[in-house]
Amino acid sequence: MTAPILTVRDLTKRYGGLTAVNEVSFDVQEGEILSVIGPNGAGKSTIFKLISSFVKPTRGEVRFRGEVISGLAPHVVARKGVVRTFQETTIFKGMTARDSVIVAHHLRSQASLAGFFFGTVAARRDEDAFARSADEILEFLGLDAVGNELASNLPQGHLRALGIAIGLAADPKILLLDEPFAGMNVDETRQAVERVRAVRDRGVTCLLVEHDMAAVMKISDRIVVINFGVKIAEGTPEAIRADDKVIEAYLGVEDETIGL
Amino acid sequence: MTNSRRAGSVAAVAVFLAAVFVAIPLAIAATGRTDLYYTLSSVALLAIASGGVWLTFYIGRINIGQGAWALVGGYASAVLVTTYGWSFWLSLPVAGLFCALMSMLVGLPILRLRGVYFSMVTLVLTEVARLTALALPITNGARGITSIPTPGAIRLFGVTLVPGFETFANRNAPFYFLSAAMMTLCFAGLWRLVHSRLGRLFAAMRQNEELASSMGVNVPLLRVVAYAISSFLGGIGGAIFVAIAQSIYPSSFTINDSVNFMLNCFLGGLGFVFGPMLGTLVLYFGWDLLFQTGQYQLLIYSGVMILLMLVLPNGLLSLRWPSRGRP
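These protein sequences, in sequence, are chains A and B. So for the first sequence, the working numbering puts the first residue at 15; every next one is plus one. So for the second sequence, the working numbering puts the first residue at 6; every next one is plus one.
Hints are computed from structural coordinates only; laboratory data are not their basis. Just so it is clear, the structure is predicted and the values come from calculations on it, not from any experiment. Built from N, CA and C at the ideal position, the CB exists for glycine as well. Take the hints with a grain of salt, since some may be wrong.
Stated by the list, open to error - Per label pair, the in silico range of CB-to-CB distance:
| id | chain 1 | residue 1 | chain 2 | residue 2 | range |
| --- | --- | --- | --- | --- | --- |
| 1 | B | Arg160 | A | Val135 | 33 to 39 angstroms |
| 2 | B | Gly157 | A | Lys107 | 50 to 56 angstroms |
| 3 | A | Val244 | B | Leu118 | 35 to 41 angstroms |
| 4 | B | Gly308 | A | Glu163 | 54 to 60 angstroms |
| 5 | B | Val27 | A | Ala143 | 38 to 44 angstroms |
| 6 | A | Ala143 | B | Ala32 | 23 to 29 angstroms |
| 7 | B | His200 | A | Ala256 | 47 to 53 angstroms |
| 8 | B | Asp293 | A | Lys107 | 38 to 44 angstroms |
| 9 | A | Arg122 | B | Asp293 | 50 to 56 angstroms |
| 10 | B | Leu118 | A | Glu163 | 30 to 36 angstroms |
| 11 | A | Asp158 | B | Ile159 | 51 to 57 angstroms |
| 12 | A | Arg77 | B | Leu118 | 50 to 56 angstroms |
| 13 | B | Met310 | A | Ala212 | 50 to 56 angstroms |
| 14 | A | Gly45 | B | Leu190 | 49 to 55 angstroms |
What the hints assert, rightly or not - Output of the computed footprint for chain A on chain B, the stretches with three or more beta carbons under 8 angstroms from beta carbons of chain A:
| id | region |
| --- | --- |
| 15 | 190-202 |
| 16 | 208-214 |
| 17 | 219-229 |
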């Protein structure tokens, strides 16, 4: 097995007396789709924010290609290639979809900001490259028809795709997806699953934090299950489906909805 | 940009330049109202400072502290000219850069605050600047700095590019051209800034700082950069003001001025680069026109301001471009 792209070791986060995440460890392999799942309040979101460095861990660390990234500023982590997406309410409301994606190419700039001010050759070359790349990404995610719509006017499904488009524009090595299937019906979920697969096929490793068990079972190469801030299982969807601890954690939820 | 829009923009700029540098001086010469030179210089300088405030609005911070930087810039230029014998022309950019540098130190901690908390700190900043000017020996306390010489000539290789201001019969005329030229330069720079990549990053930060940082934007750094540019403009405006008045006191710029700088932006329209320019003009002359109403001046003024904010929340320029929500 090659070295993992992302290593999570003994990750712990305490808020006062509450331990939201307790000594969680797992690896993410290059090119896989790994999902972190768990019941409500299990600590999934905290893990997500810890990996993207929006929250600093109390203990433990996250390494990206061997380099510690936990504790760095979020924009530094993004620059290294660990990029997170947000749920659909976090967008640039006053910008068009296309402008949002163009501005998200920030990291790929060759020219300096002063260069952009004076309109140097390098800056104009960047502008053209960003516009082309943005159009390609919009088309890839089926957003080409709504590129010139204001983001605030887009329906929910498109906003999810826009979130991924903004993430892709930052040229990630690993994309962290925050509940990409939340609040979607069966049809939308199927499309969204296809979208995540397509992103992986572009060579971007995907780490999902998700609630929707059926979708997770369908899409993931491996799954990490969290309950009360502790990792209780890790493995392929088949292994997770048969795991006693997982079934116990989800007890009270109807079998069908969790895909058992 | 399409050709017709480009042509429209070029025409608008030409009209603006012709009005400011040809029509107004001719009109003043024809009517003999040379006092207008002083008034319009003030408007231009206040517009420059307001343009700075506008930029902090652009990154989503309500800045009620521009008076502090106008004061700092004014004192920096005054001290350099009187104590160290510098030329005004050299002191002007140095005063602006001094403000930019100081505002970076101040901005690093306070720009982490958002909303009303940032506003309150900036409001206090003006008062801090005034009290500092009162206390420091170099600023000469409450007596201020007076008898500041007017700008001398600019000579390059023996050629006089700008004659010394003392050679003019009416010194307000060269000051008008200086102020108007600086205003044109500053707003051209602001326009370019907002329409370059940096401006788009500023807009992205205003709309969502977390999302901006998730795509690798160094949000804390760019916030400080925006604030430094803003304070630079405040310092430039203040320095020229002081050169016109030939004096500066701790009370030359007060909280009242800080509030006015902010109101100028609101009135002109936060969505438009040139909003602060129009806002300053209307507010300055509006206040003067209401002078005839005597004790009702402030009442009518405040009432009209409240009404304008209710009816035109996006400022006066939104009347001109109802369909375009962005600068």
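Here is what the structure says about each hint:
A beta carbon spacing of about 36 angstroms between arginine 160 of chain B and valine 135 of chain A agrees with the range 33 to 39 angstroms that was offered as a hint. A beta carbon spacing of about 52 angstroms between glycine 157 of chain B and lysine 107 of chain A agrees with the range 50 to 56 angstroms that was offered as a hint. Checked against the given bound of 35 to 41 angstroms, the beta carbons of valine 244 of chain A and leucine 118 of chain B, roughly 37 angstroms apart, stay inside it. At roughly 40 angstroms, the beta-carbon separation of glycine 308 of chain B and glutamate 163 of chain A lies outside the given 54 to 60 angstroms, and the hint is violated.
Valine 27 of chain B and alanine 143 of chain A have their C-beta atoms about 43 angstroms apart, which keeps the hinted 38 to 44 angstroms range intact. As the Cβ distance of alanine 143 of chain A to alanine 32 of chain B is approximately 50 angstroms, the hint placing it in 23 to 29 angstroms is violated. At roughly 59 angstroms, the beta-carbon separation of histidine 200 of chain B and alanine 256 of chain A lies outside the given 47 to 53 angstroms, and the hint is violated. Distance hint check: the CB atoms of aspartate 293 of chain B and lysine 107 of chain A are about 39 angstroms apart, consistent with the given range 38 to 44 angstroms.
About 52 angstroms separates the C-beta atoms of arginine 122 of chain A and aspartate 293 of chain B, a value consistent with the hinted range of 50 to 56 angstroms. Under the hint 30 to 36 angstroms, the C-beta atoms of leucine 118 of chain B and glutamate 163 of chain A, about 34 angstroms apart, fit the expected range. For the hinted restraint 51 to 57 angstroms between aspartate 158 of chain A and isoleucine 159 of chain B, the CB-CB distance of approximately 55 angstroms keeps it satisfied. Here the CB-CB span from arginine 77 of chain A to leucine 118 of chain B is close to 33 angstroms, at odds with the stated 50 to 56 angstroms.
Remark: the range hint 50 to 56 angstroms for methionine 310 of chain B to alanine 212 of chain A is upheld by a beta-carbon distance near 54 angstroms. At about 53 angstroms, the beta-carbon gap between glycine 45 of chain A and leucine 190 of chain B stays in the expected band of 49 to 55 angstroms. Requiring three or more residues with a Cβ within less than 8 angstroms of a Cβ of chain A, the coverage given for the region 190-202 of chain B holds, as 4 such residues are present. Residues of the region 208-214 of chain B with a Cβ under 8 angstroms from some Cβ of chain A number 4, which satisfies the need for three, so the listed coverage holds.
With a threshold of 8 angstroms between beta carbons, the proposed coverage of the region 219-229 of chain B by chain A holds, since 7 of its residues qualify and at least three are required.
Hint check: violations occur at hints 4, 6, 7, 12; the rest are consistent with the structure.
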